[in-house]
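> Just so you know, the protein sequences line up as chains A and B, in that order. Just so you know, we're using the numbering used here here: the first sequence kicks off at 2 and counts up by one. Just so you know, we're using the numbering used here here: the second sequence kicks off at 3 and counts up by one.
It should be emphasised that the hints constitute simulated quantities derived from the structure, not laboratory data. Any given hint might turn out to be false.
Claimed, not checked - Computed, partial: chain A to chain B, Cβ under 8 angstroms: (1) 195; (2) 200; (3) 268; (4) 313; (5) 314.
Nothing here was measured: the structure is a model prediction, and the numbers come from that model. Even glycine gets a Cβ: it sits at the ideal position worked out from N, Cα and C.
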Amino acid sequence: MRGGRVAAEDDDRLREADVLVEGGVIRRTGPGIPLEDGVEEIDCSGKILLPGLFDLHVHLREPGREDKETIRTGSEAAINGGITGIVAMPNTSPAIDSGGMVQAILDIAFREARIPVLTSGCITRGRAGQELAGIGGMVEKGAIMITDDGDPVENPQTLRRAMEYARGFGIPVACHCETKALSGDGAMNEGRVSYGLGVPGMPACSEEICMERDIRIAQMTGAHAHIQHVSSAAGMEIVRRFKEEGVRVTCEVTPHHLLFCDEDLGDYDTHYKMNPPLRSREDCARLLEGLREGCFDVIATDHAPHTDFEKSLDLASAPFGITGLETALVSLYHYFIRTNAFGWGLLVKRYSAEPRRLVGRAPAEIAEGRPCELVVFDPAAETAFTREFMRSKSSNTPFLDRTLSGRVEMVVVGDAVLLDRREERP
Amino acid sequence: MMTSRKDLLDIDSLSTEEIGHLLESAAPFKQLLRKSVKKVPTLRGKTVLTLFYEPSTRTRSSFEVAAKRLSADVIHFAVSQSSVMKGESVLDTVDTLQAMRADYIVVRHPAAGVPNQIARHTRASVINAGDGSHAHPTQALLDAFTLREVHDNLAGLKVLIVGDILHSRVARSTGRILWKLGAEVGVLGPGSLIPAGRPDFMTAFRNYDEVFEWSPDVVYLLRVQVERQREPFFPGGSEYHRLYGLTDERLARVRAKRIWVMHPGPVNRGVELADSVMSYERSLIDEQVENGIAMRMAVLYWLLPETVAGPREEEET
Numbered sequence: 002m003r004g005g006r007v008a009a010e011d012d013d014r015l016r017e018a019d020v021l022v023e024g025g026v027i028r029r030t031g032p033g034i035p036l037e038d039g040v041e042e043i044d045c046s047g048k049i050l051l052p053g054l055f056d057l058h059v060h061l062r063e064p065g066r067e068d069k070e071t072i073r074t075g076s077e078a079a080i081n082g083g084i085t086g087i088v089a090m091p092n093t094s095p096a097i098d099s100g101g102m103v104q105a106i107l108d109i110a111f112r113e114a115r116i117p118v119l120t121s122g123c124i125t126r127g128r129a130g131q132e133l134a135g136i137g138g139m140v141e142k143g144a145i146m147i148t149d150d151g152d153p154v155e156n157p158q159t160l161r162r163a164m165e166y167a168r169g170f171g172i173p174v175a176c177h178c179e180t181k182a183l184s185g186d187g188a189m190n191e192g193r194v195s196y197g198l199g200v201p202g203m204p205a206c207s208e209e210i211c212m213e214r215d216i217r218i219a220q221m222t223g224a225h226a227h228i229q230h231v232s233s234a235a236g237m238e239i240v241r242r243f244k245e246e247g248v249r250v251t252c253e254v255t256p257h258h259l260l261f262c263d264e265d266l267g268d269y270d271t272h273y274k275m276n277p278p279l280r281s282r283e284d285c286a287r288l289l290e291g292l293r294e295g296c297f298d299v300i301a302t303d304h305a306p307h308t309d310f311e312k313s314l315d316l317a318s319a320p321f322g323i324t325g326l327e328t329a330l331v332s333l334y335h336y337f338i339r340t341n342a343f344g345w346g347l348l349v350k351r352y353s354a355e356p357r358r359l360v361g362r363a364p365a366e367i368a369e370g371r372p373c374e375l376v377v378f379d380p381a382a383e384t385a386f387t388r389e390f391m392r393s394k395s396s397n398t399p400f401l402d403r404t405l406s407g408r409v410e411m412v413v414v415g416d417a418v419l420l421d422r423r424e425e426r427p
Numbered sequence: 003m004m005t006s007r008k009d010l011l012d013i014d015s016l017s018t019e020e021i022g023h024l025l026e027s028a029a030p031f032k033q034l035l036r037k038s039v040k041k042v043p044t045l046r047g048k049t050v051l052t053l054f055y056e057p058s059t060r061t062r063s064s065f066e067v068a069a070k071r072l073s074a075d076v077i078h079f080a081v082s083q084s085s086v087m088k089g090e091s092v093l094d095t096v097d098t099l100q101a102m103r104a105d106y107i108v109v110r111h112p113a114a115g116v117p118n119q120i121a122r123h124t125r126a127s128v129i130n131a132g133d134g135s136h137a138h139p140t141q142a143l144l145d146a147f148t149l150r151e152v153h154d155n156l157a158g159l160k161v162l163i164v165g166d167i168l169h170s171r172v173a174r175s176t177g178r179i180l181w182k183l184g185a186e187v188g189v190l191g192p193g194s195l196i197p198a199g200r201p202d203f204m205t206a207f208r209n210y211d212e213v214f215e216w217s218p219d220v221v222y223l224l225r226v227q228v229e230r231q232r233e234p235f236f237p238g239g240s241e242y243h244r245l246y247g248l249t250d251e252r253l254a255r256v257r258a259k260r261i262w263v264m265h266p267g268p269v270n271r272g273v274e275l276a277d278s279v280m281s282y283e284r285s286l287i288d289e290q291v292e293n294g295i296a297m298r299m300a301v302l303y304w305l306l307p308e309t310v311a312g313p314r315e316e317e318e319t
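With the rest of the complex left out, here is chain B (with noise of 0.2 angstroms):
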């Protein structure tokens, strides 16, 4: 069995055995979620506390699925920005929590960096939900996974990762655990968004011409933020859309050449893609939102608290 760790709070931290055993640990979970009595009692009586500082109620409801079908107890805790910023840091809300007592934190914060201060601050794991644009250690893993289930082996495997490159965290988690694991990734997307300072692994492609002649298996639709750019990084939806998404037109092409499409979720129709990708018979959408939650107890399995009670743990209390 591999040895565990504390927190988990990038992929770049991972070896690829550990990635490896996480992505072997996660099947049974799925198995369970098909069952009738999808509940097992390893986390009987331990308590995960998610402690999201932007919204995100799908992440956080796969989460909390996820524990609770491994029998802990899970505490929900939102904070808003504002609050944040009247003189209380995440560190001071983290010292208050602790009283909690939980044993895994889970967090999401719009900050790169805070699940790592948070974890050398804590005993309890913790977990990266997404912090800025840094990372997405469960989304890649969940990834990696659901491609494994129809590529025994991502070895040689090409995979594109269309959008915003800047500022995805999923484009950083996901396009390392690729590679990690012996796939090509190349990206596409508006020249705004392809920042310079990418992976030397990032190969950058400046149309769907050029994409279709390196001819990927996997096409991977980042989600777009049109409304939030504080920036005009692109003029808008519509040439976007014309220009990076995929199109009726190219769907026809990507069916054509049996490419598997995913997409994080939640999706912009009309932007990153049309409406018919939804049903296309290789998207992996649906795929990934389940085992998602397959993926989050194989972590919460494997990860390991330094919370286990002791004499001086109950003198305090």
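Looking at chain A on its own, in the form it has when it is part of the complex (with noise of 0.2 angstroms):
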């Protein structure tokens, strides 16, 4: 790969060098390698290499819902995005919480995915709030973490019980927080906007509260608790309030949380309905601050598929969530990094590097002797989010149908391309 400019962790600069793969592995990196017989060259100037990126937070519907999204079709969006790593939320039907449907998960990505499709598991089996799922039985199975993503345990004891049962296994309790007594029916974020639109709302402090009693709970039983989808500053504040007191928590921030407000609900325009909601402007802007600050560990998009149907609906009926994994490296280099907002070194650190290092895994980098893992993107280049481009089966995003700077033009693992865009002309 040559004449291209390598991204790495913590680094804005990014460092021209020629990559050379030999047998899936990173030969050499460097200025002018020479060219030796029979190696494929790959024109990479102009374009930006950086490690494959790593969704800690992505729903594939498979089982249950397979008009929405499967496992292949999912892994293969994720490819799409410049995505070489995923992590399955557990609230498919029936739901993942136990050994046996954790095997069954990884049966199937390891015959129809193309890059490591990890699992979470429940933390109540049924995602009920009630009995503990076989939560030794699923890590022994492969699962790297325990969540009821898409509702929060709303019995602390019930949390505290996990907590210090997934402790010993040394895993994290991922978090989605919110008080439902206070979320009610709510489809957005309440406040000014909410009123205007007559739309019910669900007020961020249904959010916060939650996330400070889960913290507590983790910093009593000393389990590591991940804050999925921070959506508020006041949310963030405490976040960070706990890590400066030590206590073990990790927390996310998704791209649409970072890239749009309450306002954009203004045309009830159901693309923008998700869960946190988007919340206000202000918001908005302090947690593209507090990622700048290193507040948060990971960015993970919560990959959230519906039918146009269900999309189609009123505001209040329509599901929550929206699509991210073909949209989230190009619309991130767009909003923010062509803008400055931050550079790549942040989006390689909070988007590859740390979410790996967050389930265990060794993060991937472009350096001699290490699996070969990249992405080659073209900042010249433009993406137009067609529904002929998603390789997802559904597009309920914000984004369908825009043009946007950047584009991913090759994936390669290992020594398999799993994308290559060079001969694709707009």
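Each of the two chains sits in its own frame; use the hints to bring them together as a complex.
Structure follows, in structure tokens:
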């Protein structure tokens, strides 16, 4: 790979370097590597090479809603977006709440997916919030995290026992923070915008109260709590405060909470409906600041596919969630990296290295002797997010039919080229 | 002549000029209603479809009378929510209804934003007849029209809106139009129904003593849903009446200060108002009903559907 610039964790300067890959391993990096016989040369001039991304929060809908997504289509969507590893959420139907289910998911992933698909398991059986799921059995079969994502564990004693139990396996307990009695039948952030639209609201404190509770239980139990999709500035400050106190807590932010706010719902577009909801414009700006300050450990999409029919319902009836795997990298490039809001070093750290560490895997790195797991990104090209572009079964994203700067040109894992868009011209 | 719009979805999107134009043009229609021949041929050959996902005899009848006085054909389409949830979306229904070639669709729906979705989906003119807690623009227009009959200029007029400011689409739309026309808008009600997210122009009062000190020109009472409270917003109808209702005692002060009283109907006697309010000489409640027809005629007359027949459309049939 000749003439590209290489991105690395924590380093916002791109390093000009050729990359020689042989047998799926990076043999050399550095300027002016001589071309040997029998080696294919890929022109990467003007391109950026970055380690494959890793998404810690993905809904694959298999089993149960294969009309929305499958392990195969979801993992292909990830590749399409420059992501080379994903973690499945367990809120399928039936839920992933036993060793057998974990085994079944990983078997399908082994057959169908071209990238590592890891899975989380439920905290409680059937995500019902009552009995503990077979956590030990799930970990034995390969689950790397437990969560009832989509719902909080409403009973704090149940959460406490789950955290105490999970601590022994060294896996994080991922928390969807929501106080259901406060969020009720809300469909968006509660505030001026929801009042004007006449749409039932979900106040930010619904999320913040549960977050505070969950982290305090983690503090008491010594478990690792991972706070999913933080959406409000006050919530972010809660995590920051507990981190400063030394509690084992990590947290994630989604691209959509960085990019959009409740004002984007002005036209009742259900592609802006998700849970937790888009908060105020000020929250949105402060989350970006928090990301730059290191408050968020990881960026994760909460990729949530839904059918066109469901998203054509009215705002109150349509389901929560938008897709994200295919748009995350390009949109973060278009809105933040291109405008110098943050650099490639932050992106690689938060969307490639840290999420892998969080689930106990070695970060991907473009360095000599490391397995090849990289993305060739063309900052001068554009991506048109048409339905034809999407490899997900669903297209419920605000970016549908929009064109942004930047394009994932190649994805290479080991000695396999998983995506090659060099010949495509817009 | 003011340029027409395709749809009437809310008050927010109307300019003050458009509001002024609509209020002006309702007056001749009101004259018409008092003549022996109450019908004009303006919309002959046009079809008005009323699509109601929520029962409302009053509003639907008002639109029906307005449309018929303009010589339009009227089709009623009532949809129960239960059939909707069985896999047919509102937009599916609208697709089906396209076959009826309606030029105007009058929509009422319990969910906010549905008229906006329909408007984007059809060439017919969409009139919002009330969507959830969002908007009720023809109510707001008729309220402004009614007030202009007793006050030439609404600038500086003080209007108190009493009741469920949290859920009421009338509070949102009527409050907004009065503010756009220069009136001052106060609100009064149980604290749980006066949301922090309301617009800045809605000044909240805690009780009638504060209200009378402010000295409003109009008290606009909202219908209170005592029986349909899904959560305990306030203790009950009698406490509501005692604290926020227009009681006989308060009516005396209202009468002494020559304050106008309005209500979008239907009224809950003994909750938001005492029975005696119905015969109060400055009650505008009956005028609101009559003006509703004239105002809706003006709206139908003003809107311009994109259904004007062209060659392509003839091919389709």
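> Does each hint fit the structure? Answer for all of them.
Hints and how they fare:
1. 195: Result: holds, 6 angstroms to nearest chain B Cβ.
2. 200: Result: holds, 5 angstroms to nearest chain B Cβ.
3. 268: At about 6 angstroms, which falls below the 8 angstroms cut-off, the nearest Cβ of chain B leaves the hint on residue 268/A intact, so it holds.
4. 313: 5 angstroms, holds
5. 314: 5 angstroms, holds
Violated hints are absent here; each numbered hint is respected by the structure.
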